[in-house]
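J.: Chain residues, written in single-letter form:
2 protein chains.
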Amino acid sequence: MGAIAVGVDVGGTKIQSAAMVSEKIAGGHRLMTPLTGAQDVAAAIAEAVSKALAEAGAQPSDLHAVGLGVPGAIDTDEGTVSSSPNLPGFQGTEPVPLGAKVSDLLGGVRVRLDNDVRVGILGEWKRGAGRGYRNLLGVWIGTGVGGGLVLEDKLYEGQGAAGEIGHTIVKPGGRVCSDGRRGHLEAYAGRARLEAHARHLAKEGHKTDLFDIMKRKGRTRLSSGVWAEALEKKDKMAVELIEDAVEALGIALCSVQNLLALEAIIVGGGLGDRLGQPFVHRIEKAMRPQLFVPDHPPAMLNTEFGDLSGAVGAAVLAGG
Amino acid sequence: MGAIAVGVDVGGTKIQSAAMVSEKIAGGHRLMTPLTGAQDVAAAIAEAVSKALAEAGAQPSDLHAVGLGVPGAIDTDEGTVSSSPNLPGFQGTEPVPLGAKVSDLLGGVRVRLDNDVRVGILGEWKRGAGRGYRNLLGVWIGTGVGGGLVLEDKLYEGQGAAGEIGHTIVKPGGRVCSDGRRGHLEAYAGRARLEAHARHLAKEGHKTDLFDIMKRKGRTRLSSGVWAEALEKKDKMAVELIEDAVEALGIALCSVQNLLALEAIIVGGGLGDRLGQPFVHRIEKAMRPQLFVPDHPPAMLNTEFGDLSGAVGAAVLAGG
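Protein chains in written order, with the numbering used here: chain C, 1 to 320; chain L, 1 to 320.
No lab work stands behind these hints: they were computed from the structure.
Because the structure is a prediction, the values reported are computed rather than measured.
Watch out, some of these pointers could steer you wrong.
[Stated by the list, open to error] Here are the computed distance ranges between Cβ atoms for each label pair:
no. : chain 1 : residue 1 : chain 2 : residue 2 : range
1   : L       : GLN159    : C       : THR13     : 36 to 42 Å
2   : C       : LYS285    : L       : ARG131    : 41 to 47 Å
3   : C       : GLU243    : L       : SER22     : 28 to 34 Å
4   : C       : ASP77     : L       : THR13     : 28 to 34 Å
Here a beta-carbon is modelled for each residue, glycine too, at the ideal position from N, C-alpha and C.
Let the sequences and hints guide you as you build the complete structure.
T.: What follows is the structure, encoded as structure tokens:
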């Protein structure tokens with residue numbers, strides 16, 4: 001078939017690939033992220049690429065380029081990864097040359113890397129919910145709250161590290177965030193801080209079924225699925241904490257909208273995708289009354305590809 | 001001399017022109033804004049243009065183009081002004097064709113208009129404190145708090161009306177803003193809301209010399225000069241209210257910096273210019289501990305042209 005680009009979303013838990021043909025997903029593969037170091041992660045990525053190609057009915061020689069979305073700080077020129085606490089084998093002080101490792105395993109194919117959130121937003125912008133918009137924000141609500149901007153029809157970088165909507169101050173002096181500072185959006189809406197706060201409240205004697213649901217699901221963490229089930233069952237603590245998250249998102253997104261006059265906001269990430277359209281509607285409802293120009297609100301959108309956004313965006317990064 | 005561009009900053013109180021030669025101010029003129037309607041405002045603008053040209057040693061025939069910075073909603077294609085509550089004669093429901101009126105009075109010369117805050121930021125970016133930066137925010141602190149963004153080396157517009165940093169939510173449920181909503185930056189840092197809050201506190205029995213200073217200066221409003229004098233005299237209320245403003249600015253600018261990874265932030269506007277470098281330093285100090293990437297803070301700058309920023313930017317708009 002010739003000239004197929006494969007994208008891989010490299011997560012702390014899962015590795016997900018997507019082979020794109022004519023801008024559509026033609027094949028993909030998912031496997032667990034090895035816990036045994038960077039070389040094994042690279043091998044798993046190579047396997048996910050090969051299996052996606054095979055599922056798309058393509059030959060290894062059809063592989064044109066590989067794109068990777070990786071959590072942490074990425075040097076896109078060097079193809080290296082650093083500061084990636086959730087990725088086994090990437091915690092050292094030296095940047096890991098993941099691009100070169102994957103390229104070696106795949107016969108020298110060209111490999112491009114970028115940050116996982118940026119790549120997910122790239123995928124939704126170019127192939128998914130964000131198609132056709134010139135100015136949009138992606139807000140990715142998962143363990144933390146990440147973000148990325150498309151401004152004037154280009155992924156915006158600033159000095160680098162742009163898009164940290166999770167560290168918008170929504171409540172000065174409020175809850176402690178993952179970076180130790182107070183009152184950030186992520187302290188209210190990121191899954192890790194939501195869980196920390198729920199554990200704190202439970203320890204103080206507040207009732208909740210969140211941790212029972214977690215155990216029944218065989219989890220050790222309050223996953224997105226645990227939150228979703230607790231909300232369905234109208235668990236009081238879950239309802240209140242998600243209400244706080246919605247309120248915090250409303251505040252942060254409203255301020256961003258007033259500053260940037262965006263056309264669209266896409267809500268993604270593990271928790272964002274899992275809670276879906278009703279969650280996005282609630283955020284919109286919280287934001288609307290605060291908009292400075294209420295006549296031109298941004299379109300409030302879910303991702304189109306859900307947890308495949310990252311793999312699709314990584315393929316786009318590689319030219320697919 | 002040939003091909004001189006003249007810019008005019010059209011304010012609710014004053015009209016200020018600047019004739020630019022070789023990117024420097026070669027002449028300028030200031031007069032009071034007529035209170036007698038749009039036609040007289042247009043005539044005053046034409047007079048300010050002619051006098052700036054004469055001061056620059058140029059002939060009327062040297063005038064290449066005129067740029068206007070005007071408060072309110074501007075249709076840049078049509079050269080019209082609407083929603084400009086502070087400009088006498090511009091409060092009607094019909095947009096005022098100010099560009100055409102000024103052009104008629106100046107022999108058909110080309111006239112370009114844009115919003116006054118955007119134009120001021122354009123001036124500082126192209127000719128003043130912001131030269132050479134690709135990504136910057138201008139925050140203009142005057143009666144209200146306006147803003148404008150240069151992103152990737154271009155004035156950013158979004159859907160239109162981008163830059164409303166004054167309507168960033170810094171304290172949910174906090175002080176009432178000019179638009180009736182609560183907790184916005186402008187409610188803490190804009191001169192009109194600062195004055196409203198000071199009057200409220202004084203009525204409640206809190207002591208302050210602010211209003212005595214105002215009367216002594218022959219003012220009916222707490223002008224920037226009144227605030228500056230009260231701060232010098234360590235008036236308790238003035239000190240506390242400006243401290244609140246600094247804190248609010250620190251919160252808003254920190255959130256913007258975390259999102260946009262800017263290279264520079266320029267503080268301008270009547271109050272920003274008047275309080276100057278010490279004020280900017282205090283804002284920087286309030287912002288710094290909250291930055292997500294503390295190693296790459298934005299340069300925190302005063303305007304270079306002070307209250308001439310708008311006229312200079314208007315000249316840039318006209319090609320000067």
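J.: Kindly indicate which numbered hints from before are broken by the structure, ordering the numbers from low to high.
T.: 3 and 4
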